[in-house]
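One line per chain: the protein sequences are Y and B, in this order.
Quick note, our numbering runs 407 ahead of the 1-based positions in the first sequence.
Quick note, our numbering runs 383 ahead of the 1-based positions in the second sequence.
Read the hints as simulated data drawn from the structure, not as lab findings.
What you are looking at is a predicted structure, and each value in this text was computed from that prediction instead of being measured.
Do not rely on the hints blindly, as some may be mistaken.
Taking lysine-lysine pairs in the DSS-like style, the calculated list, with each CA pair at most 27 Å apart, reads [unchecked claim]: (1) Y:K717 / Y:K704; (2) Y:K411 / Y:K517; (3) Y:K932 / Y:K985; (4) Y:K529 / B:K409; (5) B:K404 / B:K435; (6) Y:K529 / B:K404; (7) Y:K936 / Y:K964; (8) Y:K1220 / B:K454; (9) B:K436 / Y:K520; (10) Y:K717 / Y:K706; (11) Y:K1233 / B:K462; (12) Y:K520 / B:K460.
Chain Y stretches covered by chain B per the calculated footprint, using a threshold of three residues with CB under 8 Å from any CB of chain B [said to hold, decoys possible]: (13) 528 to 538; (14) 1174 to 1184.
Just so you have them, the derived chain Y footprint on chain B, three or more residues with Cβ under 8 Å [said to hold, decoys possible]: (15) 404 to 413; (16) 443 to 450; (17) 471 to 479.
Backbone N, C-alpha and C fix where the C-beta goes; we use that ideal spot for every residue, glycine too.
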Amino acid sequence: MIPKSIGSIRFRMMSPDEIRNLSVTKVITPDTIGEDGFPITMGLMDTRLGVIEPGLVCRTCGKRVDECPGHFGHIELERPVVHVGYAKLIKNWLNATCSNCGRITLSDEKREKYLNDLVRAKEEGSDTDRVIDRLIKEASMATVCPHCGADSLKVNLDKPTTFRIENSKLTPTDVRTWLEKISDEDCELLGIGYGIRPEWAILAVLPVPPVTVRPSITLETGERSEDDLTHKLVDILRINQRLRENIDAGAPQLIVEDLWELLQYHITTYFDNQTSGIPPARHRSGRPLRTLAQRLKGKEGRFRSNLSGKRVNFSARTVISPDPMISLNEVGVPLDIAKELTVPERATEFNIEDLRNLVRNGPDAYPGANYVIKKNNLRLRVTEVNRGDLAESIEPGDVVERQLIDGDAVLFNRQPSLHRMSMLCHRAKILPYRTFRLNPLVCSPYNADFDGDEMNLHVLQSEEAIAEARSLMSVEAHLLSPRFGGAIIGCIHDHITGLYYLTHGFNELEKSVALRILSGAGIDKAPEKLTGKEIFSLILPQIDMEFKAKICEHCEKCDKENCPNDAYVVIRNGKLVKGTIDDVAVGAFNGKIINEIVKEYGDIAAKDFLDAASKLSLSMLSLMGFTVGIDEEDIPLEAQEQIQEILDGAEERVDELIEIYKRGELEQAPGRSLEETLELEIMRILAKARDDCGQIASKHVSSENSAVIMARTGARGSMLNISQMSGSVGPQSIRGERISRGYEHRTLSHFKKGDIGAEARGFVESSYKKGLKPLEYFFHSMAGREGLVDTAVRTSRSGYMQRRLINALENLKVDDDETVRDPADKVIQFLYGDDGVDPSKSIEGETVDVDSIVNKIMRGE
Amino acid sequence: MEETRWPGVRIPPGPLKGRKKMEVRKHVLVPPHELMSEAEVDELLARYGITKKELPRINMNDPAIKDLGAKSGDVIKIKRTSPISGISYYYRVVIEE
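Looking at chain Y on its own, in the form it has when it is part of the complex (with noise of 0.2 Å):
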């Protein structure tokens, strides 16, 4: 094959002589099979139009099936119909032109105007539509024709393809006869372009596409299933036929017309069978049938589908797992994965001995090789025959297929990909079982989780591919998010908690203790005595930094160094001197000491920073254990009196403030009707119930209870969600609003109508722990449900609005220049982000980080 380059392309409609010119058969049989099982001629199946058959051969080329591309045929159609793709731009052109003479009612002067505009456009490089469209707006106006002096009606358009002069029906002949006297250079100005003729958009021919665009599928009982499309040309041609016949036969003009309408509805429905106003064809089954625009269109036509979103080659899916002590760079890959998945490598005289080796070891015994490309272009197979002759025969040039192994480059996904960091290159790490593995750390950015999320992996196949692969889209390029210049990647969840526990207070550690934490993170040297902090020191880079600690209680006045939480941190030197390393430090989101090492010492520094860092946490926990359970959140009797008690006097302050509303005396609010006052005193006081018992149930609980570490420091969980385990849940609402669908003027059957206080409108006063009241469970589920729903419905619309964003914007480029620029090379923005920022290489979004700059000039460096 020899390739060719492609000048350009120029879409345009077809005309008759084309169309028949292209044609290979005319059809005119409404069957498609004989009796004898073969082809009729002339038929929809002929096998001049192609073949799909095995065993049959093109009567056109003399190919057989998959080297025959098929042939187009044709129909003539017994009387003209108007095809409905151009039905609106047919409107257009019959209202600025005039229906004696033909030409665009417009006087002379005024239509060179419009031919000067018209150019003028063109050399500006401007849309012609514009110009194209304020014409016809201005000829469509005129009322009689400035040339011939004839009436010029306005033609109406009555959906989907009859068009309409005052009262009377324009037969699709008088379209045709009426469009052929428009002149080519009118065609111009009308936006038809030159040497086409208007009236080609009046079919009176149709194209009948090949056998192969319509295959029909022999079902497993030996019948024959034909194609929608052929389904809907045998319903064209019988049409054509009878019409025919009556027109032979002299039938009365009714039944000719009522013909010519109904051809008419087959061909508009065999272009689109979604047309509005006409009811759409059906299959025998009562399903529409699925003709050429239905083909094309939405997200399981053509385009979007087969062109934009391929299938590819070198690919792999499975569900994915965590593995902690694999590096955050690496991806797991099973076995039985890396064995069918394979890299094309060169030999040459220094990697020969190595890939002879592979080609030994055949497909089955790992590592492998699968193919062989010798330099003649020919593809070979390794077999369990052919190993030892085909490594013998391997020479430098030669390319070998081999199987994926340590450290080779891949790309992995999650979908959806909604930003950049959903695509990462990692360095493959064959391991055993079937699943992808990944390190925890990595979640965030794919916002991934281990419920049974899958994902994609593939293998880069050129050297170019892998070396861009690597340094633009590694997992280290990618610490930094550029939606907010911060990290995206860092600990989570019991990373958090670990290093808490390493990091808080002085707690001594026995060097073998010690050396036990540390070993993980690929450190073993240790003094006698150290404590976490110091520890945690030995994997620090040479950085300074003093911040407060997400376990910082916001005090009135902040003692900073000397923080009786441990919350001020500060790290002189690589040291960490004070403070608690929690989520503000490490955490993914945050992460400021990660945000520091990127930037001061690069992103390997920052990925060995990360390995180490949660290693370190993660052998912190396991040797010191680490659980939580539900009876850790029990408190005292007496507290759950003192609990009782807000709770019973919140109630019935709220059935005292709605007594007070009855009275009529109530206080209206500013800018309230007195109900809304009334509904928001109760949301206040329930609200705050829910808190105070809240305040009561953390007293109790100690600080050193596992679930309030994990609060605090940010690993996971709030609160919040502490107190519903041992306080009370609190009030449930629905869209911000206490609950009060259901029945009428009443949650549920169980309550009086007009009945609005606390428990008749979803208050819970139980705990998670204690258990929920039956009409409890059910307003929770309520407000739960609604939670449900909101998610759905958000992913869907944001979805949307995400694929208009990027369909505008995909084509973009930031210059050398640091101009936006569109594909023509026009400028959208004379700077980049008015700043020419990288904002994943900013500080937090801004471009300079003055308070750093300051704090190193005042410390003397």
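Since chain Y is already given, all that's left is putting chain B on it; use the hints.
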């Protein structure tokens, strides 16, 4: 000035009919538009290595440049305030309709 029931909102005196139309380009949200001299345009095009075809466009009848007397092919310099860089300049070439 006539006081209204909303504090700080006043209606200027005089009948409402026949009042001068609002001048869009004097509105605080409309950045200053300015006609560039030919020399400035040449410098601009040279700086970005482009022709006028590559510049963003502005309609001749755009209210913001109505009084500048701009012809087709002139270039307008717009001084915009930007939350990122303080001030940024944008250039648009005038086109007819």
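Verification of the supplied hints:
| no. | hint | in the structure |
| --- | --- | --- |
| 1 | Y:K717 / Y:K704 | holds (16 Å) |
| 2 | Y:K411 / Y:K517 | violated (46 Å) |
| 3 | Y:K932 / Y:K985 | holds (23 Å) |
| 4 | Y:K529 / B:K409 | violated (34 Å) |
| 5 | B:K404 / B:K435 | violated (33 Å) |
| 6 | Y:K529 / B:K404 | violated (36 Å) |
| 7 | Y:K936 / Y:K964 | violated (35 Å) |
| 8 | Y:K1220 / B:K454 | violated (31 Å) |
| 9 | B:K436 / Y:K520 | holds (23 Å) |
| 10 | Y:K717 / Y:K706 | holds (13 Å) |
| 11 | Y:K1233 / B:K462 | holds (20 Å) |
| 12 | Y:K520 / B:K460 | violated (30 Å) |
| 13 | 528 to 538 | holds (count 4) |
| 14 | 1174 to 1184 | violated (count 0) |
| 15 | 404 to 413 | violated (count 0) |
| 16 | 443 to 450 | violated (count 0) |
| 17 | 471 to 479 | holds (count 6) |
The structure is inconsistent with the numbered hints 2, 4, 5, 6, 7, 8, 12, 14, 15 and 16, although it conforms to all the rest.
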